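Quick one: dock chain against chain with the hints and give me the complex.
Listed below are the residues making up each chain.
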Amino acid sequence: MSDLAIKMIDVHKSYYLANGEEIKVLCGIDLEIKRGEFVALMGESGGGKTTLLNIIGCLHPLTSGKYFLEGEDIGSVRDDYTLAFIRNKKMGFIFQQFNLFSRLSAWANIALPGVYAGIDKEKRDIRALELLKTLDILERKDHKPTELSGGQQQRVAIARSLMNNPEILLADEPTGALDSKNGLEVMDIFKNLAKQKKTIVMVTHTAEVAKYADRIIYMRDGKILDNNYTLKSDY
Amino acid sequence: MYLEISKMAWGALVSNKIRSFLSILGIVIGVSTVIVVVGIGTGAKKQIADQYKNLSATQIMVMGMMGRGAITNTKLKAEDADVILQKVSNVSDTTAFISGNDTISYGKESSSASVFGIRDNFFSITNLDLLEGRFLTADDNEARSKVAVIGYGLAETLFGEDFDSNQVVGQVLTVSGGKKIDIVGVLKENGGSAMGRMSYDDAIFLPYLTTEKTILGGNTQATIVVLMKDVDYVESGMEDVTAVLRVEHNLKLTQEDDFRIFDPGSMVGAAQESANTMSLLLISIATIVLIVSGVGIMNVMFVTVAERTKEIGIAKAIGAKQEDVLSQFLFESIILSIGGGLIGVALGQIIIPILNKFDGWYVVPSFSGVILSFTFSALVGLFFGFYPAFKASRLDPVDALRSE
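Chains as they are written, first to last, in our numbering: chain A, 215 to 449; chain B, 47 to 450.
Just chain B, with the same shape it has in the complex (with noise of 0.2 Å):
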């Protein structure tokens, strides 16, 4: 029965296509648009996701001023991580590290990369992975050792980007001055950065002594980690840590921090949390076009309905019931609905690759966003068009009938 009707409700529609059409393209756009703004929402996220993900909550950094900031004579040292370690209470682990640029060549290649001074839990505080070789140890810092451990992104950039690891381990590289280093370690690939800037990829890890000594510098200023056991023992440990080291560095109570201490799991919640602020507004203006569109079917129902009176009320007379009547105009609005869904959902899947060519957009396609846009067209279409369909299902038959 309600098969028939909806053959009817098709024929209808069919039979008057190019209203069909006009009536859906609302609905089409709503879809695609809401498709394609979940897809930024999630890139965006996604994107915080992988720039951060290096980054722990319960990390605190401690970075040396620089420039204009730079107003004392001291600098932050290595060993100011092990003091923080020794009388700041919850710390689990700190480290230190340098960090600076420099050319590095292997033959005829050679690129700039960034050059980390690290010891040797710095890979674990920054969740790298090992993708061949070793990791650096206490005792290459100790000896002041010439090796290396580099990010994939320098691999690619100096072996080509189908480089055997196993090949790679082992070779030597040319620093500034032509001091030669052993790689001993390749990292997977990451993707991430600990500042932003920094990519981990494109990067060179040394003994934090042999850089200091051979490479950057006596001078360089160092960026410690902290580690808290906790994430609720960040904020008072950001308090200890700057009292502790105001205490080291002979701070006079009217001086101010010649440092700059911040908890990047903080950072990484603010960018999360605009991330999300962005994709809520997107998704209410995407709602807000759905919704005008339920409005343009209900007007085309509303045509079609005051066209068709005759016929309603001929369907009447020859038994329909009101049930039938209101089921059929149910049926079109339904089918045009979901037929602009369909179209807004495979419009939305050929609009993400295109936007993704372009620089600076990040794209990426959910289902999420294909089954909300999707049900949420059909509500629209049965929740607009239910006012016309009643109307139609209540006309008295014979004053339907005489309507021309």
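Next comes chain A alone, as it looks inside the complex (with noise of 0.2 Å):
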């Protein structure tokens, strides 16, 4: 078993305008995140950082290049089965604006990834009570998003990310859509779940939130410029 968590070889991303025209996003990414490793990327807007955690959650194809997760190549699969598998249970995804669904309680939401997996409705309601516990918001339960906090719905979506207990968790500006209170709980999570083993991968523009990180990895243009970026001291 490799110890790496993701491995990239020379990926490269494009999209294709209606008129033809290409539009390079990644360009020869090389990337090697180790299992249990928490890793934050940074850099300008339009770099392709959000593209690049898209690839490694398998919502995108990749155009080039090599994928391996915990060593088995998976950027040339297609297949929808897979795909959704991967994301189901092997990774949980963390989004800037929370993306709850707004009729369902937090309970439930939680539940979900649970329901795609197959898991008996008894199961799956223990395990995402467990959850809401651990998150600290067991009281909330029965709560619809709307009817929740920023940082609530955020522990909410957290939560959910976590019900098949994946190996991966990624993270779109976590904190983007908090305050700062709200924004360092939720990074006092992560840091949580970082001394669980988890493998994490955050994309953030924000220093404060990147040095909750083990490692910064610093991307331009589409390519990675440093892949173990130092903070200016300030911070």
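Keep in mind that the hints were calculated from the coordinates and are not lab data.
Only a predicted model underlies this, so the values are computations on that prediction, with no experimental measurement involved.
Cβ coordinates follow ideal geometry from the N, Cα and C atoms, glycine included.
Hints may contain errors.
Stated by the list, open to error - Here chain A is said to cover these stretches of chain B; the calculated rule only asks that three of the stretch's residues, wherever they fall, bring their Cβ under 8 Å from a Cβ of chain A:
| # | region |
| --- | --- |
| 1 | 280 to 286 |
| 2 | 341 to 353 |
| 3 | 438 to 449 |
To be verified - DSSO-like mimics (lysine-lysine), calculated; alpha carbons at most 27 Å apart, straight line:
| # | chain 1 | residue 1 | chain 2 | residue 2 |
| --- | --- | --- | --- | --- |
| 4 | A | K335 | B | K92 |
| 5 | B | K92 | B | K234 |
| 6 | A | K355 | B | K63 |
| 7 | B | K356 | A | K303 |
| 8 | A | K304 | A | K425 |
| 9 | B | K367 | A | K304 |
| 10 | A | K358 | B | K53 |
| 11 | A | K238 | A | K303 |
| 12 | B | K234 | A | K335 |
| 13 | A | K355 | B | K53 |
| 14 | A | K446 | A | K304 |
| 15 | A | K248 | A | K446 |
| 16 | B | K356 | A | K304 |
| 17 | A | K238 | B | K121 |
| 18 | A | K280 | B | K53 |
| 19 | A | K303 | B | K53 |
| 20 | B | K367 | A | K221 |
| 21 | A | K303 | B | K225 |
What the hints assert, rightly or not - Below, a sample of chain B positions facing chain A; criterion: calculated Cβ distance under 8 Å:
| # | residue |
| --- | --- |
| 22 | E188 |
| 23 | E294 |
| 24 | I360 |
| 25 | D370 |
| 26 | L372 |
Quick look at the structure:
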């Protein structure tokens, strides 16, 4: 078993406009992320951070290159069943805008990946309840997302990402929609998860958030400029 | 798994009640229309069957010319029936009757009734059944007995709606001119009629010769019923009967027939055919309504998919397969169409009795209408829901997540 959670070799990603023009978003990414490592992706807007995260999360196919997930070459997989399985069991996604289902209660939102995994309702409910406790939002379990504060919503979203106990968590600006107090609380949760040996890849453009990571990867114009970026000392 | 997804589909529909309701309205109207329309078709066919139930397909009827057509001195006589039986091949039986109207009284009650002067085999040829007493016999005719069998409706009119048929047999009626007639039999309720107007229920049946002598007079033209051995002989039988009667009536080649001949069986066929055509037409209109309502559902589902694009993206990001997304949206449209179908079935059951309260409406609720329309509505949901659901399932997760 490889000790690398994620390995990429010369990954390219291009979009094609209607007139046939090619837009290169990623131009030759080489990346290695170890199991249990907490990595922050930083860089300018439009630098390709989110695209890279989406490729890691199997939401995007890559245009060329190799992508190994836990040692397995999945860069060429296009089969919906396999990709959905990876997104469901191997990864947990956390978004800036929480992306909860507004019709469902916090409890049901957390349990939803369990539905897609085909877990029994009873087991699902127990697991979701555990996560509600762990993330300290148990008393909010029956509330709809609109009845929760931003911080609470992000806790629900984190709980949802942990539902099927994935190895890897992918977070896209998880504190971007929160005030600083709630943002720090969310980062403490991430720190705890990192201690539990979860592999975490987090996109951020805030140094304050990035400093929680073990390592910072800095991107610009679709390339990795620095694989171990050091923040300026005043942070 | 599918249970969970169908629950989610239900939740989505409930959260948008007005839209869900509007989108099923077309299905509701379509399904209830199909049910009512099939009921109208069934009703029309049943009405025709009732109306002609005393006719058999092997019958040929011969009637005398009336009014302006009566250019000759000859008239159709009961004896013509005997000649036909003798001379025309493949005839199983013939009978003759005369008919008219008279006022029939019992005590203070009186009623205008159709009077039939008949031969003893009339009842078997017209498939009439006896409720009480006996049929008329050949002896009654020979003796010109003043006896009668009365129809169920006439018995109700004269003796009250809850008459005791036992009591009615043996009672004495008065016909025009004060003549007394003994009731020897009462017929079962029939509902049909021979020629559309004359109902056997409101008729009184007397021996042929008695009627000719005492009620209708000797100038009345007879009606002859010829029963062929098989439907296949009806066409040739009509030609043969015509030829025999022309000879019997001494008609020259240049003279037209002094009688009318027709086979009621073909009338039944024609009436049934037109009823079938009508119900087919109505069903196709209702089908169009259902298809249009299916397009309505498709429309709504496209709007729903567009609105929930982001949701689809999230669902895919947390592990929903294309199949899961497809089945959720498909469930939504099937729930809509089945729900609409159920409401439509209920509405149809409410509308039918209301329509039947109006004169001239005769709608028979039919199980096949319910099954037909319900199945069709479910298929409409499946068919028209599939494309939007398919589109939803194929959305690119990243594009879907980006939409607001």
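Checked hints:
Using a Cβ-Cβ cut-off of 8 Å, 0 residues of the region 280 to 286 of chain B lie near chain A, which falls short of the minimum of three, so the contact claim is violated. Using a Cβ-Cβ cut-off of 8 Å, 0 residues of the region 341 to 353 of chain B lie near chain A, which falls short of the minimum of three, so the contact claim is violated. Against chain A, the region 438 to 449 of chain B contributes 3 residues with a C-beta closer than 8 Å to a partner C-beta. That satisfies the three-residue criterion, and the hint holds. For the hint linking A:K335 to B:K92, the alpha-carbon distance of about 54 Å lies beyond 27 Å, and the restraint is violated.
Proposed proximity of B:K92 and B:K234 is supported: the alpha carbons are some 19 Å apart, at most 27 Å. In summary, the hint linking A:K355 to B:K63 is supported, as the alpha carbons are separated by about 25 Å, within the 27 Å threshold. Annotation: proposed proximity of B:K356 to A:K303 holds, straight-line Cα distance about 21 Å (limit 27 Å). Between A:K304 and A:K425 the CA atoms are separated by roughly 25 Å; this keeps the pair inside 27 Å, and the hint holds.
For the suggested pair B:K367 and A:K304, the alpha carbons sit about 14 Å apart, so the restraint of at most 27 Å is met. This hinted pair checks out: A:K358 and B:K53 have alpha carbons roughly 17 Å apart, not beyond 27 Å. For the hint linking A:K238 to A:K303, the alpha-carbon distance of about 30 Å lies beyond 27 Å, and the restraint is violated. Among the hinted pairs, B:K234 with A:K335 is inconsistent with the structure: their alpha-carbon atoms are about 66 Å apart, more than 27 Å.
Only pairs whose Cα atoms come within 27 Å are accepted, and A:K355 paired with B:K53 is accepted, the gap being roughly 19 Å. The straight-line distance between the Cα atoms of A:K446 and A:K304 is roughly 34 Å, outside the 27 Å bound, and the hint therefore fails. Distance restraint check for A:K248 and A:K446: the Cα-Cα separation of roughly 25 Å lies within the 27 Å cut-off, and the hinted pair is therefore satisfied. Distance hint between B:K356 and A:K304 is fulfilled; the C-alpha atoms sit about 22 Å from each other, no more than 27 Å.
In summary, the hint linking A:K238 to B:K121 is not supported, as the alpha carbons are separated by about 106 Å, beyond the 27 Å threshold. Pair hint A:K280 plus B:K53 does not hold up; C-alpha atoms about 40 Å apart against a cutoff of 27 Å. Annotation: proposed proximity of A:K303 to B:K53 holds, straight-line Cα distance about 23 Å (limit 27 Å). Distance restraint check for B:K367 and A:K221: the Cα-Cα separation of roughly 25 Å lies within the 27 Å cut-off, and the hinted pair is therefore satisfied.
For the given pair, A:K303 sits about 102 Å from B:K225 by alpha-carbon distance, which is inconsistent with the 27 Å threshold. Annotation: B:E188 was flagged as interfacial toward chain A, and the flag is violated, the nearest CB pair being 89 Å apart, outside 8 Å. Residue-level restraint check for B:E294 is violated (minimum Cβ-Cβ distance to chain A is 89 Å; threshold 8 Å). Hint status for B:I360 relative to chain A: holds, with the closest Cβ pair at about 5 Å, below 8 Å.
The criterion of a C-beta within 8 Å of any C-beta in chain A is met by B:D370, whose closest approach is roughly 6 Å, and the hint holds. Below 8 Å, beta-carbon pairs count as interface contacts, and B:L372 has none with chain A, the closest being about 11 Å; its hint is therefore violated.
Hint compliance for this structure: hints 1, 2, 4, 11, 12, 14, 17, 18, 21, 22, 23 and 26 are broken, all remaining hints hold.
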